[in-house]
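**Student:** First to last, the sequence lines map onto chains R and A. Residue 503 in the UniProt record's numbering sits at position 503 of the first sequence, with consecutive numbering throughout. Residue 347 in the UniProt record's numbering sits at position 347 of the second sequence, with consecutive numbering throughout.
Don't read these hints as lab results, they were simulated from the structure. Where is the CB? At the ideal position from N, CA and C, for every residue including glycine. Among the clues, some could well be false.
In silico lysine to aspartate or glutamate, EDC-like type, Cα no more than 20 Å apart, as pairs [said to hold, decoys possible]:
#, chain 1, residue 1, chain 2, residue 2
1, R, LYS109, A, GLU549
2, R, LYS49, A, GLU549
3, R, LYS467, R, GLU354
4, R, LYS242, R, ASP432
Which residues of chain A face chain R? A few of them, derived with a C-beta cut under 7 Å, are [what the hints assert, rightly or not]:
#, residue
5, PRO25
6, SER28
7, TYR80
8, SER82
9, SER84
10, THR466
11, PHE532
Computed footprint of chain A on chain R; a stretch qualifies when at least three of its residues, placed anywhere within it, have a C-beta under 8 Å from a C-beta of chain A [claimed, not checked]:
#, stretch
12, 467 to 477
13, 524 to 534
Chain residues, written in single-letter form:
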Amino acid sequence: MNLKKYCVRALHRLQKGPGYTYKELLVWYCDNTNTHGPKRIIKEGPKKKLIWFFLTLLFASLVFWQWGILINTYLSYNVTSSLSIGFKTMKFPAVTVCNANPFKYSEVKHLLKELDRLIEAALERILQPTPGNSSENASPPLDLGLWHQIPLVLIDEHDKDNPVILDIFESNQTALGNETAGRAPSRGSLLLSPRRDGLTLPALRPQCSHQGSDNCTYRNFTSAAQAVTEWYILQSTSILSKVPLQERIRMGYQAEDMILACLYGAEPCNYKNFTQIYHPDHGNCYIFNWGMDEEALNSSNPGAEFGLKLILDISQQDYIPYLSSAAGARLMLHQQKSFPFLKDQGIYAMAGTETSIGVLVDELERMGYPYSDCTMNGSDVPVKNLYSQYNTSYSIQACLRSCFQNHMVEICGCGHYMFPLPEGVNYCNNEDNPGWAYCYSSLRSSIRHRQICIDSCKETCNDTQYKMTISMADWPSEASEDWIFHILSYERDMSTNVTLDRNGIIKLNIYFQEYNYRTISESAATTIVWLLSSLGGQFGFWMGGSVLCLIEFGEIIIDSLWITIINVISWCKGLKQKRVQARYPDAPPTVSELVEAHTNLGFQHEDAGALPRDEALPPEPGTPPPNYDSLRVQPLDVLGPDSDAE
Amino acid sequence: GAMAPGKKITARIKRTLPVKGPQAPTLSELMRWYCLNTNTHGCRRIVVSRGRLRRFIWILLTLSAVGLILWQCAELLMNYYSASVSVTVQFQKLPFPAVTICNINPYKYSSMKDYLSELDKETKKALETFYGFSEGKSKVRRSVDEWNSTGSDFFKQIPLLKFEEFSKTATDFRSGQKRKIEGSVFHKDSSIVNSGDSNDIIGFQLCDANNSSECALYTFSSGVNAIQEWYKLHYMNIMAQIPLETKEKLSYSADDLLLTCFFDGLSCDKRHFTRFHHPLHGNCYTFNSGENGTILSTSTGGSEYGLQVVLYIDEADYNPFLVTSTGAKIIVHDQNEYPFIEDIGTEIETAAATSIGMHFTRSRKLSKPYSDCTETGADIPVENLYNKSYSLQICLHSCFQKAMVDSCGCAQYAQPLPAGAEYCNYKKNPNWMYCYYRLHEKFVKEQLGCQQICKDACSFKEWALTTSIAQWPSTVSEDWMLRVLSWDKGQKINKKLNKTDLANLMVFYKDLNERFISENPANTLVILLSNFGGQLGLWMSCSVVCVIEIVEVFFIDSLSIVMRRQWQKAKKWWNDRKRDRSGKPPQASNLERQGHDNPVCVDEDLPTFNTALRLPLPQDSPLPRTPPPNYSTLRLETAFTDQLPDTLEVGQH
């Protein structure tokens, strides 16, 4: 009932209409609005009126233009950066230490025996190519099966158009091709005349997609040392990939052998405080303060005395000779619960030295979408993170490597030994996947695949880097050498013999610098508050306006719309009436009546309201429809009580 | 009738928009009108308030609000040119920087024998005389004999002296005679020499050749520095006379220096390196110099994908006096940048693998008026002698070289030659060393003005390096490694390589994050105006309209009122005089209610809706209790009808 009443009232209001014309409305608006310009338009003389009219228009357009700029600025989501630097109690970084050599040579010797003999013989051939070497006869026959999968060859490019290919072993037994056969007598001299007159004689290796197929590529090297190293890495990778993980861990360096002494701040620690992780490049790696099971350690004092002090033994005598030529410990500082990518971010520590590393934590805190394109935890990256099996957090390196491994599995059908395996896939080896080396090299050098990975991986929003100031000194000093080696040997091996030497021992100091953090944090340059105050400022500056002024303006527009509607309706009604009246015998209205209808606004609007009611609302029998025709001729004062009653 | 259309229009405009002064007759009327009708908030209060105290408070408040606005806006203006810093990190394929590698020793000592044998001989002699050092006893005697016979001019030019601090006498090492020291004494090493030190001090004297009484004595606390500095002076002198082509031949070739090269998993060779001759370091080789138009880039971080080179450092062929350390020097720089290897190079140890992890940062500053930096260096009045893009270092070196050519007449050896100049040598410029030392001292003390002229570059690229060292080759791999590398080196050298002749270098990106630090203007005009608007609105609810009002009322209207007053006075005075002459009664002024508030003459126009309400009722009409309902609307209608203004005007007057 209430609603009906309300509707009826609204209807009557509609019927009555706004009660004024456009001009009245405009003048009323100008006089009563809170915006500054319009008031002056109507207050001044014609000259000023004109000036103020244009000024108001100008200011209004200025306001809108500037608003456009402001909104654009807001939508560009700029950020401002703030930098803070100083010392605070911080989580000590996780420290990963590895030996540069992945396995003890004494442990893997039986696996690599054939390979080593092969490479020794090959080196001999390269270095002393005179046929009929006496030492060859004494040694047992070589297993050339390994060799034939990926042979090392020499290419003589003295004659640029007809390069001569010489297989290191076969060239001695059978002539390779026609060209080689023709030149057979001068073979020795060819091998030993490298790089004369700018021509190169590189050591090469052909790789075929399938055994015996023609789809082969030669990978050129300008240096035999590199060729041999690469060849050895490929071969040993293939051999070691067949060894089960437990066995590989056993073959690597054990924590108790490697970590001789440990001191964190004033508290002693030992190899048990380190978490073992198997790293494909470096074998067993040990992580201090990884924060996987226990709380991460805090450090609240700068200086070497409050940091981590380690003594490591890398036992250089037990290195695999052809696999890694650099000797030392590989270490890396990284965040808790992140995987250490030593090839990228790791540093070396040299044997026989004390390496001091001052740490500054360089943090970058970014805002996520839409301010910058970064990911908080990697869940929105379309690459399956293979490193999640280590329970480590997302990082861009993990993403890139996972992306590569996924491509590798997709294209070559097996996983690369250096990266974690997706489920249900095996590592590549020469037996099961004869063409894997070719597949891998072509994939590795494929710029397209790299770009795909770069495009699909996103960096993390919170980026932490550890800036290191590295300094080195000889350690132990000559005077202290004896007793230090003695004690350490005794502690490790329980023997009074010195089992350590300068070539294996490394001291590490890792500590926070005086200023241990530098944080660059982003904040939004334009917030909604900023936008509103800027919009208000602009409106206020040019016209003294506010939101209320906008509402006022909107009100005026609605009112003028009403006027339009009412006018249109009354016009239509007028047409209708004309037709109706033409049929009626009544005399048509006099001119004065018509004039009055137009000048007396009250009347005009009333009659205008008649039509919308009929059309917009269904006829309501409860309320008597007002007789508009009669109302029209009724005097003014009758109107008041009538409307009030409603 | 026959007026031109242009004139007609102007006449019409004049008629429709007549120029008239303000309606307010007096200044106080004008002010009152302004205060009542202005859009700013304080003024109205002043006029409306009752009571003196209240009015006074409102005046005070309004004035303080005006003051605050002025102050805040001034602050806003002054802080307009401030910059905000933004740091973006972009993960992307990065361009690999140029890597310049030099042997620390500039020229092969064996091939330099022809040029340096005299100098070396005398250096050895000096060592023997002062310190009793000799390489072999038998040699000494012979060389001393030789000494007397040859008699070189190295010591004539710059005598090495050993002298006692207090006696002010010095022993010339050649003649053994004591001589008096004239001129000022410069301690090159330290300004404070321990007076209790009984050690003799060694130094050398540089004299102005034109005026022999003008001498400067350079002393060193250690003979090592003295001998090296003295040797270097002569060495530069000798080198200045050798043409560039010869020097390039005397230095190391790419084959000499580079044993192996590996980049991004692929082999590379000397074709990837560009030779660059450095005056102090001889032939240097720049990897990825971009000279052939392509710049290599990396799309994978990590040590395997960077540059790996093995360098051959032939330690046996080192110059014993010029360089005392062994190894190589490298610098990572942009392709457009000049490698100032002597200033900011990193040294590489032999028998070790040096791994250098890079982190790339690009910075960009805003130039004028935000900060005093230069975009291209074109606005710096110093000619760029280097064929590379501008940097502060280049500017300082060029500036010094220019000063050197201007005041000494020849160019210093370590820097490029300006057009038309040639390097100093004491055959042609016997005075140059004295001049150089004097000039260098001025330069260091910032008296040459170079530091004032040269500005920072606005944008620069920086590769932060993390250097670490491992033993290389390891003890177990040493044997085969050296054998294979010797084979790589080929037949040129017929000896097996020693591991102290080799240096392994790895330069790689730690990650492919490019950190871009840029300054942006903190303010734009839009924001400045917004802030103005905020201030104006906060304190007085004012806007540009108010400002225009103020200008209109306080300047134009007030002025014209004053002018009109004066004019009326003058007119009155003139009329009085006239009347005095003619004897006519004065015309009474009938203006009682005037100004903008006077609705009768509010305007030349018809009254508006508002003013119409305030119109005085016609006196003759009866006073009805309620005004006729359509009175005002009728008025309103006529207010906007297109009546001719002139007729209205006529009606009003």
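**Student:** The structure should be examined with respect to each hint, and the outcome stated for every one.
**Tutor:** Hint check results:
Restraint check for LYS109 (chain R) and GLU549 (chain A): not satisfied, since their Cα atoms lie roughly 97 Å apart, outside the 20 Å limit. Distance restraint check for LYS49 (chain R) and GLU549 (chain A): the Cα-Cα separation of roughly 13 Å lies within the 20 Å cut-off, and the hinted pair is therefore satisfied. Note on LYS467 (chain R) and GLU354 (chain R): the hinted pairing holds, with a Cα-Cα distance of about 19 Å set against a maximum of 20 Å. A C-alpha spacing of about 10 Å is found between LYS242 (chain R) and ASP432 (chain R), which places the hinted pair at or below 20 Å, so the restraint holds.
Checking PRO25 (chain A) against chain R by beta carbon gives a least distance of about 16 Å; that is not within 7 Å, so the hint is violated. With 7 Å as the threshold, the beta carbon of SER28 (chain A) stays out of range of chain R, its nearest partner Cβ sitting at about 20 Å, so the hint is violated. Taken as an interface hint, TYR80 (chain A) does not check out: its beta carbon lies about 15 Å from the nearest beta carbon of chain R, beyond 7 Å. Below 7 Å, beta-carbon pairs count as interface contacts, and SER82 (chain A) has none with chain R, the closest being about 12 Å; its hint is therefore violated.
Taken as an interface hint, SER84 (chain A) checks out: its beta carbon lies about 5 Å from the nearest beta carbon of chain R, inside 7 Å. Taken as an interface hint, THR466 (chain A) checks out: its beta carbon lies about 6 Å from the nearest beta carbon of chain R, inside 7 Å. The closest approach between the C-beta of PHE532 (chain A) and any C-beta of chain R is roughly 5 Å, which is under the 7 Å cut-off, so the hint is satisfied. Taking a C-beta to C-beta cut-off of 8 Å, the stretch 467 to 477 of chain R contributes 4 residues in contact with chain A, enough for the three needed, and the coverage statement holds.
Restraint check on the stretch 524 to 534 of chain R versus chain A: 3 residues with Cβ-Cβ distances below 8 Å, three needed, restraint holds.
Hints 1, 5, 6, 7 and 8 from the list above are not met by this structure, while the remaining hints are.
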